[in-house]
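If you're matching them up, the sequences are chains A and B in order.
For the first sequence, the positions run 19 to 254 when our numbering is used.
For the second sequence, the positions run 9 to 345 when our numbering is used.
It should be emphasised that the hints constitute simulated quantities derived from the structure, not laboratory data.
Among these hints, one or two may not hold up.
Some chain B residues close to chain A (C-beta under 8 Å, calculated; not the full set) [as the list claims (entries may be wrong)]:
| # | residue |
| --- | --- |
| 1 | Phe51 |
| 2 | Ser60 |
| 3 | Ile67 |
| 4 | Phe82 |
| 5 | Gly98 |
| 6 | Ile102 |
| 7 | Asn105 |
| 8 | Met334 |
| 9 | Ser335 |
| 10 | Asn337 |
| 11 | Ala338 |
Simulated DEER-style distance windows between Cβ atoms [to be verified]:
| # | chain 1 | residue 1 | chain 2 | residue 2 | range |
| --- | --- | --- | --- | --- | --- |
| 12 | A | Ala66 | B | Lys328 | 20 to 30 Å |
| 13 | B | Gly160 | A | Ile49 | 34 to 44 Å |
| 14 | B | Ser309 | A | Val154 | 51 to 61 Å |
| 15 | A | His226 | B | Ser81 | 10 to 20 Å |
| 16 | A | Arg170 | B | Gly53 | 39 to 49 Å |
| 17 | B | Ser81 | A | Pro107 | 18 to 28 Å |
| 18 | B | Gly223 | A | Ala188 | 49 to 59 Å |
| 19 | A | Glu171 | B | Ser81 | 54 to 64 Å |
| 20 | A | Asn38 | B | Phe82 | 21 to 31 Å |
| 21 | A | Gly126 | B | Ser43 | 42 to 52 Å |
| 22 | B | Ser185 | A | Arg234 | 24 to 34 Å |
| 23 | A | Ile49 | B | Ser81 | 33 to 43 Å |
| 24 | B | Ile165 | A | Ala184 | 52 to 62 Å |
Reference excerpt, derived from the structure (chain A facing chain B, CB under 10 Å, subset only) [to be verified]:
| # | residue |
| --- | --- |
| 25 | Asp52 |
| 26 | Arg56 |
| 27 | Ala57 |
| 28 | Ile61 |
| 29 | Met65 |
| 30 | Gly93 |
| 31 | Ile96 |
| 32 | Ala101 |
| 33 | Thr103 |
| 34 | Val225 |
| 35 | Phe228 |
| 36 | Tyr232 |
| 37 | Glu237 |
| 38 | Ala238 |
| 39 | Asn241 |
| 40 | Trp242 |
We put the CB at the ideal spot given by N, CA and C, even for glycine.
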Amino acid sequence: MNVLAIDTSNAVMGIALVENGVVKGEVITNIKKDHSTRAMPAIQSLMADCRIVPQALNLIVVAKGPGSYTGVRIGVTIAKTLAWTLSIPIVGVSSLEILAANGRYFHGFLSPLFDARRGQIYTGLYRYREGQLECVESDRLVLASEWAQYLREKNEPVLFLGGDLALHQATLAEALGTAAFFSPAPLQLPRPSELAFLGMQKEPEAVHSFVPNYVRLAEAEANWLAKQKEQNRYGD
Amino acid sequence: MKKDIYVLGIETSCDETAAAVVKNGREIMSNIVASQIESHKRFGGVVPEVASRHHVEQITLVIEQAMNEANLSFSELDAIAVTQGPGLVGALLIGVNAAKALAFAHQLPLVSVHHIAGHIYANRLVTEMKFPLLSLVVSGGHTELVYMKEHGEFEVIGETRDDAAGEAYDKVARALSLPYPGGPHIDRLAHEGKVTIDLPRAWLEEDSYDFSFSGLKSAVINTLHNAHQRGETIEAKDMAASFQASVIDVLVTKTVKAAQVYKVRQVLLAGGVAANRGLRTELERKMAELKGVELVIPPLSLCTDNAAMIAAAGTILFEKGKYATMSLNANPSLELE
Ligand SMILES: [Zn+2]
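Isolated chain B, as found in the complex (with noise of 0.2 Å):
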C-alpha cells in the first residue's frame, strides 16, 4: 500500500497569514488563516511593510494552530511547502524564512510554489483533476487563463494586458465610493441594480485570449464623472451591474471559447473574484451547454488566499522531487510554468 504524504503549507504573498496540512495532495487535515483586512482597510488598500509586521507576529502562531489541529509532529511531515511568488516581496518573506528554517531543523524537503498554481490546485481539494484542463484564475493581482496537460505543467494561454479583474473590481468601487475591499460590494450592488449603462467590452484581437480591464474601468470613471458635471446621478446599484455584465461577458466568453478549442474535460475557476456569484452563476449557465466538460469551482473559503492550496500544489512538486535548497529567495514577479 503506498504510503500517506502529509505536507505543510504556508503563505505569505499579500494580506493573509496561512498555514495549512493536506493529506495526498487532497485532504485538508488544517487550513489556517490570519487575516489583516481590519487593519489594512483603515489605508483603504493594502500597505506593503504593513503586510509584513502583521506577517512576523502572526506566522509561528497560524504555524503551530495548523499543525495542531492536524494532529501531526514535524517528524510525520513529508514536505513543507511555500509560496515563493508572485507577491508582495516583503510579505512573502516572512513565509519563504520561516519555511527554510522549518525544513532545516526537521530535514524535511523544502518545495517552493508559485502563487497561482496553488490557486488552481485549490480545486484539487474539491475534486480529483482530470487531463487536459483549463483553469480560470481571476484574482486582485491575476487575470489569467491557464491550460494543463497533467500535473505541475502550466502553460498561460491569456492573461491581462493591463489591469487584473480583481484591480480594476477595486478601482470601480472606490470611484463609486463604496468601502475596501469593494469586490464584494459590487457583487452586491450589481444584483440589486439593472445592466442600463453600455460599457466596452475589450475582446481584443479574435483569435487572442488575454484580457484587458483598464478600457473598461476609465469608462466607468468617465461616466459617472460627465454625469456629475450634468448634475445627473447615477445609481451606484445600475453601474455596478453593468460593470459587472462587461466583466463578466468577456471573461465567460473567453474561457468557454477556449474549453472547446482546447478540447479540455475540465474547467476550473480559481483565485479570490472566484467567490464573485455574477461570475459563479453565468459561467455555470455557458458551461452547462458544452456537452462533456465538467466545471469546478471550489467553496469561498478555498479561492481567497489560503495555504492548503499552496500544500496541494506542493505535494505535486514532492512527488516529482523538484526540491529547493537553503538559499530560496522570494521572487515578487515568479512566471508560472
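One chain only, chain A, in its complex shape (with noise of 0.2 Å):
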C-alpha cells in the first residue's frame, strides 16, 4: 500500500510518500511560493529516491483547504488528476487537521490557525481522544479575538498551532492568559506524513467533483448573493 500526500494549501509545501505504514520519505520548505513550479518536481524526485513508480500508488491524499485559494488549487488539481489518470482513490483532508495532528500529546484543545488577514483567521477546535483525532468545532474563517473571547468560555487549555502564530499570539494570551500554549516553531509546521495517515483512516471521495473546501465563497459571489438578498426583499 503506497500513499502518497500532497499539501500546497497555505505557506508550507509538503510532500510525503508512505509505503506500508512506514514513512518512507518527507519533503517540506515553508517558503510561501512557486508552489507550482516546485510541487510536482518535489513528488517527482521524492518518489524517484524511494523507487516508487506512479503505477504503484494505491491512495492519494491531498489537504484541502482552508488556504490559499490558489496554493490549495495547485494541490488539488495535482491530487484529482493523478488519483483519476491512475484510478485510484483520493481522499481530502482539512488543512487545520493536520496541522491540528502535531499536538498529539497534549491534554487539552488543540486550535491550530493560518492567518487571514484583518485580523481573522481559519482555524477550527480538535483534540485526541484515545490516540485518535477528533473535530470539536469545524473549520471557520474568524477574528482573532473572537475566537480567543469563545475560548475563554470552555475553561480548559489550548495549545494554537501554526506558522502565523506570531500574528496572533498576543491577542490569544492576552484573552486566554495560562490557559494559552504555543507550539514551538519545530510543530508550527504541518507535516504531510501526518496527512497521509490521516487519510488513510478516512473514506474516498468521487474524484470528478472533489474540490477544495475553500471555507469562503469567492467575493464576487457573496457580494452578488448578497444583492439578490437585498433584492428579493425589496422587489416584490
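Take the two lone chains, each set in its own frame, and fit them into one complex as the hints suggest.
This is the structure we're talking about:
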C-alpha cells in the first residue's frame, strides 16, 4: 500500500510517501511561494528517491484547505488528476486537521490556525481522544479576538499551532492567560506524513467532483448573493 | 511509413475548461469544451477567482471525455500539450498542473503552448498551412498581426497599443446596455442598422501595422452621452453598425496591406472575434481582390477558445523536441516568440 500525500494549501509545501505504514520520505519547505513550479518536481524526485513509480501508488491524500485559494487549488488539481488517471482513490483532509495532529500529546484543546488577514484566522477546534484526532468545532474563518473570547468560556487549556502564530499570539495570550499554550517552531509546520496517515483513516471521495474547502465564497459571488437577497426583500 | 502522432491538449486560460485529442496536428479526434459563460453572466464579465474554481470542478471530467471520445488510452498518446499563457494566472495554473500530473503519471513529453499560437494553429485543423503566411488574431484580449516563415516561428508585426478589439466590443456593448458578452450582440445589431455616425479610424503611422481602439471606444461613449444630454436618441443598431464598420475597416485594410508587403501565400483569421460575420464578409471581399493569396477562416467552434488548437500547436513543439519540464509555470503575460 503506497500513499502519496500532497499539501500546497498554505505557506508550507509538503509531500510525503508512505509505504505499508512506513514513512519513506517527506519534503517540507516553508517559503510560501512557487508551489506551482515546485510541487511536481518535489513529487517526482521524492518518488524517484524512494524508487516508487506512479503506477505503484494506491492512494492519494491531499490537503483540501482552508488556506490560499491558489495554493490549495494547485495541490487539489495535481491530486485529483493523478488519482483519476491512475484509477486510485483520493481522500481530502482539512489543512487545519493536519496541523492539529502535531498536538498529539497535549492534554486539552488544539487550535490550529492560519492567518487570513485583517485580524482574521482560519481555525477549528480539535482534540485527541484515545489516540484519535477528533474535530470538536468545524473549520471556520473568524476574528482572532472573537475566537479567543469563545475559547475562554471553555475554561480548558488550548494549544495553538501554526506558522502564523506570531501574528496573533498577543491577542490569544491576553484573553486566555495561562490556559494558552503555543507550539514551538518545529511543531508549527503541518507534516505531510500526518496528512497521509489521517487520509488512510478516511473514506475516499468521488474524484471528478472533488474540490477544495475554501470556507468562504469568492468575493464577487458573496456580493452577488447579498444583492439578490436585497432585491428579494424590496422587490415584491 | 511514418507513425501517427496523438497529442492531448488542455486549455484553461480564461473561462473555458477544454481538452482535446488531435492526430498528426491536423485531425480532431475529440474536442471538449466546458463553458462557464452562464456562471459569469451574472457578474457582467469573467471573475478570475470564480473561473479558477470552475476549472477545478471540471478539469478531470473534461479530460476524461476527450480521451473517451478519441477512444485512446494514455499509452497511445505521444505528448501532453497545455496553454502556458497568456491568460488569467489562477485559471492557467489548473491546466498546467493537471498537464504536468498526466505527463508524470504516464511518462509522456510535456509541451507548453502560447495561447495565440493555439488560435493560429486552429487553422491547421481546417487546411494545411502554406508559408510564408500572415495571421490576423482578434479576440477579447488580443489584436495582432502575426507573420510566420515556417512552423513554430512567430513574428508579431502589429499589435494593439491599448484595448484589444474584443475589449472595445465589450465596452461599447455595455454603453449600449447590451447583455454580456457583447460582441455577438453588436455583430447582430450591426446587420440591422445603418452606418449613420461618423466615427474615427486610428490608422497610426503610415507604415505601422499596430492598432488602437480606445479612441474609437471613447468616441462612441461620448457620442451617446452628448445625444442623451440633448434629449436625442441614437438607435443602438445604427451605433453598432457604425462602430463595427470602423473596427473592420482598420482590421481589414491593415491585414490586406501587410499580406501584400510581406508577399504571403496565406492569410489566416484567428481568435474569438473571427466569429464576427461582418469581419468575415469584409475580409473575404477584400481578399478576393488579391491574386494568389488564400484566405482561411476556421469554423466558429475553432475560433473561440478550445483545446484542439492547443494540441495542434503543441504537435509542432513535440516534433521539434521542445519539451517543458515538471517545473513549468503558468505565465499570464507570456510573449509570442
Ligand atoms: Zn483565446
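Evaluation of the provided hints:
Against a cut-off of 8 Å between C-beta atoms, the interface hint on Phe51 of chain B holds, since the closest Cβ of chain A lies about 5 Å away. Taking 8 Å as the C-beta contact cut-off toward chain A, the hint placing Ser60 of chain B at the interface holds, the least distance being around 6 Å. Given hint, Ile67 of chain B at the interface with chain A, holds; its Cβ is 6 Å from that chain's nearest Cβ, closer than 8 Å. The restraint placing Phe82 of chain B at the interface with chain A holds, with a minimum CB-CB distance near 7 Å, inside the 8 Å limit.
Evaluation of the Gly98 of chain B hint against chain A yields a held restraint, the C-beta minimum of about 5 Å falling below 8 Å. This hint holds: Ile102 of chain B has a C-beta 5 Å from the nearest C-beta of chain A, less than the 8 Å allowed. Here the hint on Asn105 of chain B is kept, as its CB sits about 4 Å from the closest CB of chain A, short of 8 Å. For the restraint placing Met334 of chain B at the interface with chain A, the shortest Cβ-Cβ distance is roughly 4 Å, inside the 8 Å limit, so the hint holds.
Because the beta carbon of Ser335 of chain B sits about 5 Å from the nearest beta carbon in chain A, less than 8 Å, this interface hint is met. With a cut of 8 Å, the hint placing Asn337 of chain B at the interface with chain A holds, because the nearest CB-to-CB distance is about 5 Å. A cut of 8 Å between beta carbons decides the hint on Ala338 of chain B: the least distance to chain A is about 7 Å, and the hint holds. Taking 20 to 30 Å as the suggested C-beta distance range, the pair Ala66 of chain A and Lys328 of chain B conforms, at roughly 27 Å.
Range check, Gly160 of chain B to Ile49 of chain A: Cβ separation about 36 Å, and the 34 to 44 Å hint holds. Distance hint check: the CB atoms of Ser309 of chain B and Val154 of chain A are about 53 Å apart, consistent with the given range 51 to 61 Å. In this structure the hint that His226 of chain A and Ser81 of chain B lie 10 to 20 Å apart at CB holds, the actual value being about 19 Å. A C-beta distance of roughly 45 Å is found between Arg170 of chain A and Gly53 of chain B, which places it inside the suggested range of 39 to 49 Å.
Taken as a hint, the range 18 to 28 Å holds for the pair Ser81 of chain B and Pro107 of chain A, whose Cβ atoms sit roughly 20 Å apart. As the Cβ distance of Gly223 of chain B to Ala188 of chain A is approximately 55 Å, the hint placing it in 49 to 59 Å holds. Between Glu171 of chain A and Ser81 of chain B the Cβ separation comes to about 59 Å, which falls inside the hinted range of 54 to 64 Å. Between Asn38 of chain A and Phe82 of chain B the CB atoms are about 27 Å apart, so this pair conforms to the stated range of 21 to 31 Å.
For Gly126 of chain A and Ser43 of chain B, the hinted distance range of 42 to 52 Å is satisfied, since their beta carbons lie about 51 Å from each other. Restraint check, Ser185 of chain B to Arg234 of chain A: a C-beta distance of roughly 32 Å satisfies the suggested window 24 to 34 Å. With their beta carbons about 38 Å apart, Ile49 of chain A and Ser81 of chain B fall inside the hinted range of 33 to 43 Å. Taken as a hint, the range 52 to 62 Å holds for the pair Ile165 of chain B and Ala184 of chain A, whose Cβ atoms sit roughly 54 Å apart.
Annotation: Asp52 of chain A was flagged as interfacial toward chain B, and the flag holds, the nearest CB pair being 8 Å apart, inside 10 Å. Proximity of Arg56 of chain A to chain B holds as hinted, the smallest CB-CB distance being about 7 Å (cut-off 10 Å). Using the Cβ-Cβ criterion of 10 Å, the hint placing Ala57 of chain A at the interface with chain B is satisfied: the shortest such distance is roughly 7 Å. With a least beta-carbon distance of about 7 Å to chain B, the hint placing Ile61 of chain A at the interface is held under the 10 Å criterion.
Because the smallest distance between the Cβ of Met65 of chain A and any Cβ of chain B comes to about 9 Å, under 10 Å, the interface hint for this residue holds. The restraint placing Gly93 of chain A at the interface with chain B holds, with a minimum CB-CB distance near 9 Å, inside the 10 Å limit. The interface hint given for Ile96 of chain A is met, as the beta carbon of that residue sits about 5 Å from the closest beta carbon of chain B, less than 10 Å. Hint status for Ala101 of chain A relative to chain B: holds, with the closest Cβ pair at about 8 Å, below 10 Å.
A hinted interface residue such as Thr103 of chain A counts as satisfied when its beta carbon comes closer than 10 Å to some beta carbon of chain B; here the least separation is about 5 Å, so the hint holds. At about 6 Å, the closest approach between the beta carbon of Val225 of chain A and any beta carbon in chain B falls short of 10 Å, and the interface hint on this residue holds. Because the smallest distance between the Cβ of Phe228 of chain A and any Cβ of chain B comes to about 8 Å, under 10 Å, the interface hint for this residue holds. For Tyr232 of chain A, the interface hint holds, the least distance from its beta-carbon to any beta-carbon of chain B being 8 Å, beneath 10 Å.
Checking Glu237 of chain A against chain B by beta carbon gives a least distance of about 7 Å; that is within 10 Å, so the hint holds. Evaluation of the Ala238 of chain A hint against chain B yields a held restraint, the C-beta minimum of about 4 Å falling below 10 Å. Given the 10 Å rule on beta carbons, the hint for Asn241 of chain A holds: about 9 Å separates it from the nearest Cβ of chain B. Taken as an interface hint, Trp242 of chain A checks out: its beta carbon lies about 6 Å from the nearest beta carbon of chain B, inside 10 Å.
This entry satisfies every hint, going by the numbered hints stated previously.
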